[in-house]
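**Q** Spelled out from the first residue to the last, the chains are:
Protein chains: 2
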Amino acid sequence: MRLHAYYRSSTSYRLRIALNLKQLEYSVVPVNLLAAEQREPEFTARNPFGGVPMLEADGRERAQSMAILEWLDEAYPAAPLLPADIEARFTVRELAYAIATELHAPLNLPVLTYLKREFGRSQDEIDLWYRHFLARTLTGVEARLAQTGAGDFLLDQPGLFESVLIPQLYNARRFAFDMAPYPHLARIEAACLPLPAFIAAHPDNQPDNPENQRP
Amino acid sequence: MRLHAYYRSSTSYRLRIALNLKQLEYSVVPVNLLAAEQREPEFTARNPFGGVPMLEADGRERAQSMAILEWLDEAYPAAPLLPADIEARFTVRELAYAIATELHAPLNLPVLTYLKREFGRSQDEIDLWYRHFLARTLTGVEARLAQTGAGDFLLDQPGLFESVLIPQLYNARRFAFDMAPYPHLARIEAACLPLPAFIAAHPDNQPDNPENQRP
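Residue numbers (my numbering), protein chains in the order written: chain A, 960 to 1174; chain V, 960 to 1174.
The set of hints was computed from the structure by calculation and includes no laboratory data. Among the hints, erroneous ones may be present.
Said to hold, decoys possible - Below, in silico cross-link-like pairs of lysine to aspartate or glutamate (DMTMM-like), each with a Cα-Cα straight-line distance of 20 Å or less:
1) A:Lys1075 <-> V:Asp1115
2) A:Lys981 <-> A:Glu1148
3) V:Lys981 <-> A:Glu1077
4) V:Lys1075 <-> V:Asp1086
5) V:Lys981 <-> V:Glu1148
6) A:Lys1075 <-> V:Asp1044
7) V:Lys981 <-> V:Asp1115
8) A:Lys981 <-> A:Glu1015
9) V:Lys1075 <-> V:Glu1148
10) V:Lys981 <-> V:Asp1017
11) A:Lys1075 <-> V:Asp1083
12) V:Lys1075 <-> A:Glu1077
13) V:Lys1075 <-> A:Asp1017
14) A:Lys981 <-> V:Asp1163
15) V:Lys1075 <-> A:Asp1083
16) A:Lys981 <-> A:Asp1086
17) V:Lys1075 <-> A:Asp1137
18) A:Lys981 <-> A:Glu1033
19) V:Lys981 <-> V:Asp1044
20) A:Lys1075 <-> A:Asp1017
21) V:Lys981 <-> V:Asp1032
22) A:Lys1075 <-> A:Glu1015
23) A:Lys1075 <-> V:Asp1086
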């Protein structure tokens, strides 16, 4: 498998975690979003959504990280991202999709760029926007976690939810977001970050991170 | 089943279509978003995400429309929203999740309200924002449909993709969005709208639509 990804893209980070958790082998093909490589015709011919991640796997060029995560679990059932029980699957998906559908787009480059360029907002205003929407959804996620009684992970082991959560919290910390009101989320983050699958997936450890390109 | 919904909410509309396609019986409990009923403590105690839809089904109060759609198909396999073949499932999810994850949040009330109140944008500026992001994602969806060779529906019959698409196009038309560059999407819309499952789900036909409350 070949994963076309950008080190700091949270959806790319999701897929790296999931591929690592499932112990699937893949190579990374860096796509520089700041140079708009994802909008070049050679790329959009393969992925008309013009974004990362794109996963080349089993003869197909696949876009949309949530669709890829669901596909991975169906095509490669070992080390499942989702549990077998239908109700437990709902528990995981409700929380994972809260982050994927409510949070991702408003906090992602295309929206933030529009706020800056078209609406002329300052970085301070964008930081407030970022933390406003983060708090809005994470409050719901935290409350649902309190109702379900999660431990170090949502279920017995990290899976779909943790693959989606950890990259979002990485971004939250970049925006100096106060995690104090979210003890369940902070505990899950602390349990995940030291695991090999999460370390290998971290933006700090990607080949296209500029920090890793200095001699 | 009891569906807590608002007539114009596109995620509520998704669920109405899917429940109708699956021929599952449900009653609608209107939640007035304009009166912020979804933020009242009695509601958020049941759904901490503070939004619609919420589906009461099989002893649980379920939020997050995409998680509910996936759950419905697993718990009630008749009249499937997703095909059985793993690759065809990916085809459907890639397109459905493009709309659900890229488009929904930037075009939804919380974001549009923030643009108006905090950033002081005019309705004209919001219309431009709306059509900008709509075009961005629908261009990708249309191109992918051209690659997959869809007919009146993405596959043989309407399912997950059409349940997510049609409400987004309903919103697109409210914002005077030009559908001319999207012939595949327009053809699928024309095929879906006359079907009973889609007619019954339409915002015009909901009890909480003010048009239906006049004597």
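**Q** Would you mind marking each hint as holding or not holding in the structure?
**A** The hints, checked one at a time:
1. Among the hinted pairs, Lys1075 of chain A with Asp1115 of chain V is inconsistent with the structure: their alpha-carbon atoms are about 43 Å apart, more than 20 Å.
2. A threshold of 20 Å between alpha carbons decides the hint, and for Lys981 of chain A with Glu1148 of chain A the separation of about 19 Å falls inside it, so the pair holds.
3. This hinted pair does not check out: Lys981 of chain V and Glu1077 of chain A have alpha carbons roughly 43 Å apart, beyond 20 Å.
4. At most 20 Å may separate the alpha-carbon atoms for a hinted pair to count; Lys1075 of chain V and Asp1086 of chain V meet this at roughly 11 Å.
5. Distance restraint check for Lys981 of chain V and Glu1148 of chain V: the Cα-Cα separation of roughly 19 Å lies within the 20 Å cut-off, and the hinted pair is therefore satisfied.
6. Distance hint between Lys1075 of chain A and Asp1044 of chain V is unfulfilled; the C-alpha atoms sit about 43 Å from each other, more than 20 Å.
7. For the proposed pair Lys981 of chain V and Asp1115 of chain V, the alpha carbon gap of about 15 Å is at most 20 Å, so the pair holds.
8. At most 20 Å may separate the alpha-carbon atoms for a hinted pair to count; Lys981 of chain A and Glu1015 of chain A meet this at roughly 16 Å.
9. About 31 Å separates the Cα atoms of Lys1075 of chain V and Glu1148 of chain V, which puts this hinted pair outside 20 Å; it is violated.
10. This hinted pair checks out: Lys981 of chain V and Asp1017 of chain V have alpha carbons roughly 16 Å apart, not beyond 20 Å.
11. Pair hint Lys1075 of chain A plus Asp1083 of chain V holds up; C-alpha atoms about 18 Å apart against a cutoff of 20 Å.
12. Between Lys1075 of chain V and Glu1077 of chain A, the direct Cα distance comes to roughly 14 Å. Compliance with the 20 Å bound is thereby established for this hinted pair.
13. For the proposed pair Lys1075 of chain V and Asp1017 of chain A, the alpha carbon gap of about 46 Å is over 20 Å, so the pair is violated.
14. A threshold of 20 Å between alpha carbons decides the hint, and for Lys981 of chain A with Asp1163 of chain V the separation of about 46 Å lies outside it, so the pair is violated.
15. Distance hint between Lys1075 of chain V and Asp1083 of chain A is fulfilled; the C-alpha atoms sit about 18 Å from each other, no more than 20 Å.
16. The straight-line distance between the Cα atoms of Lys981 of chain A and Asp1086 of chain A is roughly 35 Å, outside the 20 Å bound, and the hint therefore fails.
17. Only pairs whose Cα atoms come within 20 Å are accepted, and Lys1075 of chain V paired with Asp1137 of chain A is rejected, the gap being roughly 26 Å.
18. Proximity of Lys981 of chain A to Glu1033 of chain A is assessed by CA-CA distance (about 12 Å); at most 20 Å being required, the pair is judged to hold.
19. Our distance criterion of 20 Å between C-alpha atoms is met by Lys981 of chain V and Asp1044 of chain V, whose separation comes to about 19 Å.
20. Taken as a hint, the Lys1075 of chain A and Asp1017 of chain A pair is broken in the structure, with Cα atoms around 40 Å apart against an allowance of 20 Å.
21. With a CA separation close to 9 Å, the supplied pair Lys981 of chain V and Asp1032 of chain V stays within the 20 Å bound.
22. Using a Cα cut-off of 20 Å, the hinted pair Lys1075 of chain A and Glu1015 of chain A is violated, with the two alpha carbons roughly 33 Å apart.
23. A C-alpha spacing of about 17 Å is found between Lys1075 of chain A and Asp1086 of chain V, which places the hinted pair at or below 20 Å, so the restraint holds.
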